[in-house]
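S.K.: Line by line, the protein sequences give chains A and B.
So for the first sequence, the numbering used here puts the first residue at 4; every next one is plus one.
So for the second sequence, the numbering used here puts the first residue at 104; every next one is plus one.
Bear in mind the hints are in silico, worked out from the structure with no lab data behind them.
Only a predicted model underlies this, so the values are computations on that prediction, with no experimental measurement involved.
Hints may contain errors.
Label pairs and their calculated CB-CB ranges [said to hold, decoys possible]: (1) B/L288 x A/R134: 49 to 57 Å; (2) A/G166 x B/I276: 32 to 40 Å; (3) A/L163 x B/R450: 13 to 21 Å; (4) B/A173 x A/E138: 51 to 59 Å; (5) A/D242 x B/L393: 30 to 38 Å.
From the three backbone atoms N, C-alpha and C, an ideal C-beta is built for every residue, glycine too.
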Amino acid sequence: MTRWTDEEVLFYAELDRACNLPRDAAPLLRVHDLSYSVTGRKLLRQVSLNLKAGELLVVLGRNGAGKSTLLKHLSGELQGRGVELFGQPLGHHKASETAKRRAVLPQQTALSFAFEVLDIVLLGRIPHGGRETPEDRAIAVKCLERVGLMGYEMRNIQTLSGGEQQRVHLARTLAQLDGAGRDRVLLLDEPTASLDLAHQHSTLRLARELCAEGVGVLAILHDLNLAAQYADRVLVLSDGAVLAHDIPAAALTCQTIHAAYGHEVLVTRHPCLNCPLIVSAS
Amino acid sequence: MTTAAVKATGFSRQRTRAALALTILPLMLLLAVIVAVGTGAVKIAPAQVLSIFLSPLGVAPLSAYDEQQAAVLSAIRLPRVVLGIVVGAGLAMAGAAMQGLFRNPLADPGLLGISSGAGLAAAMSVVLGFNLFGLYSLPAAAFVGSLISTVLIYLLSQRRGRVEVTTMLLAGIAINALCGAGTGLMTFLASDEQLRTITFWNLGSLGGATWPTVMSAAPLILLGVLVLPLTARALNALLLGESGAAHLGIPVQRIKWIIVTLVALSVGAGVAVAGTIGFVGLVVPHLLRLVIGPNHQTLLPASALLGATLLVLADLISRTIAIPAEVPIGIITALLGAPFFLFLLRRERREGVL
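Chain A with its partners taken away, still in its complex shape:
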């Protein structure tokens, strides 16, 4: 990871803003002025964001801030105006075509049947053809390796721990995006929720690897320091509205975090990594 001086941080923040100008190539995912309310309660207020190829965008905010509602709009579960995927309104593409290039990892997937792990990962290959070929199987095995579950192919999913199950489903989304060309989007809803420290980091490193391959990754996280360490940009939601949409160094300030979470924090520089470090102050 490159170490940035304060001047560089500001420079890149400027550059980043410049990149968001309309003359830039269309982002993979763009939300413009999205509002959503249920029975009079406003869950999203004029949310705008964009996700570019090769970018890791982390969505932060307290419980009930609208993160999952936002994700549901991006995944097409909820239909709202102003969501564009690959430069077209979300409903424009055929569902089967979208599924080849956009994968979604939900917070939790409980299976009531004793599937073998490899069969779960192979579900990710459904959009790429009716039959599972040896290539599909090879891809599934490779994806399991990438999430650190080598040798788990024939295990019964129900006998795995919550964290392992979560990684199996992560492997499934990887298999879904495999070999689908350049423009790809991965949406992760709290991918680190049931993982231990090492696997939280390996999962986000994996997300960065995908970014290096050109995938646009949007992840909901709760851990501010994970966001600070790995995100290209963060989006801070509060009460359904965007508080900040910027690089971590610019978005994760004491004021923003306090406003978003209602909790006093101190933001300092990470002693060894060049990113902000957030610690509780009360």
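For chain A, the structure is supplied; the task is to place chain B on it using the hints.
M.R.: Leaving out everything else, chain B in the frame of chain A:
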């Protein structure tokens, strides 16, 4: 392919067993058929059965048989066994598909009131004299009844894209009770002859099997049995939940309706000709899942084969256990199925599925 992938396919216990099951089950069915068509007041030895089967093809008889045996086989035994195959395959596969759709191993056409919905509609068409489609009036009425029950149960047990098991089972009880009351009312209104017909449905029996009854139900059931396997991958994806399946590009709403319609078709037509036969749809897929795993691509065909075998054998028991009387087949399947269901309940509770 990497060596890891080769290893992975080589070591899949579920796939190996599935391949084995799909080889053994057809043979089991064939064996059951040969035994079943040969057993009864007129005995026909397996070699004679094969000779009779093969004679239209011009194959020289392996073993001598007389004309009476050939006549009994083709006019009495065979339609009954064929009906058993078709109804058993339909019920078992419908059960497997329902369980996949509900993402719950306890969904069963009988428990959820689909069969009793068909039974009520059948009773109504008998008593109220519905005769719009001739020979197909009864299957058609039963189909509509099962379709209404299926849709009702699906809507009732669904909340925000999730199936609530308790609600599902309770709704099933309610629908069963309602249909029971309706059927009771029909019984009350029925003439003596109609009464006998209705009672026949409630207990279930393949006794009414003739070629015309087989022909009235078989096309509808076979449609379900042949088309449902095409939804196997979608059913696998649906186990991730409806949104999970949608993220994989599955047209969830359309697939749901296709499955519900095919299930209603299979169960409705089966109930119309053989009455309400319980537990086949519950026990068969469950048993198979323990052995070959939950992958619908193998589970659906295997369920059809085992369901057919089981019903042919259950019918054999029903007509031989108390000669010359016949015990209704629904009693046999319930006697076998109910204890198994209790065993499942205990097991699932321990594993926290319920």
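S.K.: Taking the hints in turn, state whether each one holds.
M.R.: Hint check results:
1. B/L288 x A/R134: 49 to 57 Å: holds, 51 Å
2. A/G166 x B/I276: 32 to 40 Å: holds, 38 Å
3. A/L163 x B/R450: 13 to 21 Å: Given about 20 Å between the Cβ atoms, the range holds.
4. B/A173 x A/E138: 51 to 59 Å: 54 Å Cβ-Cβ, so the 51 to 59 Å window holds.
5. A/D242 x B/L393: 30 to 38 Å: violated, 50 Å
Comparing the model with each numbered hint stated earlier shows that hint 5 is the single one that does not hold.
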